[in-house]
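Colleague: Take a look at the letters that make up each chain.
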Amino acid sequence: DAGITQSPRHKVTETGTPVTLRCHQTENHRYMYWYRQDPGHGLRLIHYSYGVKDTDKGEVSDGYSVSRSKTEDFLLTLESATSSQTSVYFCAISVREGARETQYFGPGTRLLVL
Amino acid sequence: AQTVTQSQPEMSVQEAETVTLSCTYDTSENNYYLFWYKQPPSRQMILVIRQEAYKQQNATENRFSVNFQKAAKSFSLKISDSQLGDTAMYFCAFGATNKLIFGTGTLLAVQP
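Protein chains in written order, with this note's numbering: chain A, 1 to 114; chain B, 1 to 112.
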């Protein structure tokens, strides 16, 4: 258990509404990530953060924004949700163990945009 | 850009037998890590095993082992003595510069 929680775990929303997903960690790791998982694509990186207020884009960042005002929280916002953003969203943290870095994942959030 | 390819969308194995899942990758990086993650029906992503590219010795974790061929850019996962609880989607992932690139996954079914 890497101490990662995601909220909400499930959400149904309508096209055009804003949605914010929250990722919370309890261990003060520097790097945090948001991925989406879709059939046939595996997991794809949306955005990541390397510290408070330090974020960068991933492979599929269009339509998403992120914020990190505290080390423990990383928020993913869909400013105006679209049906193509229906997906399962995973948060991850990167844990350094000696010289090795390994990502550990939260339980996921299932989002349905109608 | 790095890519990860898992060419086996689905596989099946009998309980107690051995199965090997394939993964190839492409990169120009010299320092990187490779991972196998398991995703059971609960959807939780669980780390199975990892391999540092600078290590020649193949990683082993209990019934799970890898065959890492750096020159061939190949990273296969062998599961010995398969158990019903091994039924899951398995993802190969390439890691460098603090980011992961995932393959599309192999769905493994362990048959009783």
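Worth flagging that the hints you see were computed from the coordinates, not collected in a lab.
For each residue, glycine too, the CB sits at the ideal point set by N, CA and C.
Hints may be right or wrong, so weigh each one.
[Unchecked claim] A short list of chain B residues far from chain A (calculated; beta carbon distances all over 12 Å):
1) Pro9
2) Asp26
3) Asn30
4) Gln39
5) Arg50
6) Glu52
7) Tyr54
8) Asn58
9) Asp81
10) Thr87
11) Ala93
12) Thr104
[Said to hold, decoys possible] For lysine-lysine, the following BS3-like pairs were computed, each having C-alpha atoms within a straight-line distance of at most 25 Å:
13) Lys53(A) <-> Lys99(B)
14) Lys57(A) <-> Lys70(B)
15) Lys99(B) <-> Lys70(B)
16) Lys11(A) <-> Lys57(A)
17) Lys99(B) <-> Lys70(A)
Colleague: Hint by hint, say whether it matches the structure.
Modeller: Against the structure, the hints come out as follows:
1. Pro9: Check fails; 9 Å does not lie beyond 12 Å.
2. Asp26: Given a closest Cβ separation of 15 Å, the condition holds.
3. Asn30: Correct as stated: the minimum Cβ-Cβ distance to chain A is 15 Å, above 12 Å.
4. Gln39: 9 Å, violated
5. Arg50: The claim is violated: Arg50(B) sits with its nearest Cβ about 6 Å from chain A, within 12 Å.
6. Glu52: Not fine: 7 Å to the nearest Cβ puts Glu52(B) too close to chain A.
7. Tyr54: 10 Å, violated
8. Asn58: Given that every Cβ of chain A is farther than 12 Å from that of Asn58(B), nearest at about 16 Å, it holds.
9. Asp81: Asp81(B) is indeed farther than 12 Å from all Cβ atoms of chain A, at 25 Å.
10. Thr87: 18 Å, holds
11. Ala93: 8 Å, violated
12. Thr104: 5 Å, violated
13. Lys53(A) <-> Lys99(B): Answer holds: Lys53(A) to Lys99(B) is near 18 Å, not above 25 Å.
14. Lys57(A) <-> Lys70(B): 29 Å, violated
15. Lys99(B) <-> Lys70(B): 19 Å, holds
16. Lys11(A) <-> Lys57(A): 24 Å, holds
17. Lys99(B) <-> Lys70(A): The given pair, whose Cα atoms are some 21 Å apart, holds under the 25 Å limit.
In summary, the numbered hints that this structure violates are 1, 4, 5, 6, 7, 11, 12 and 14.
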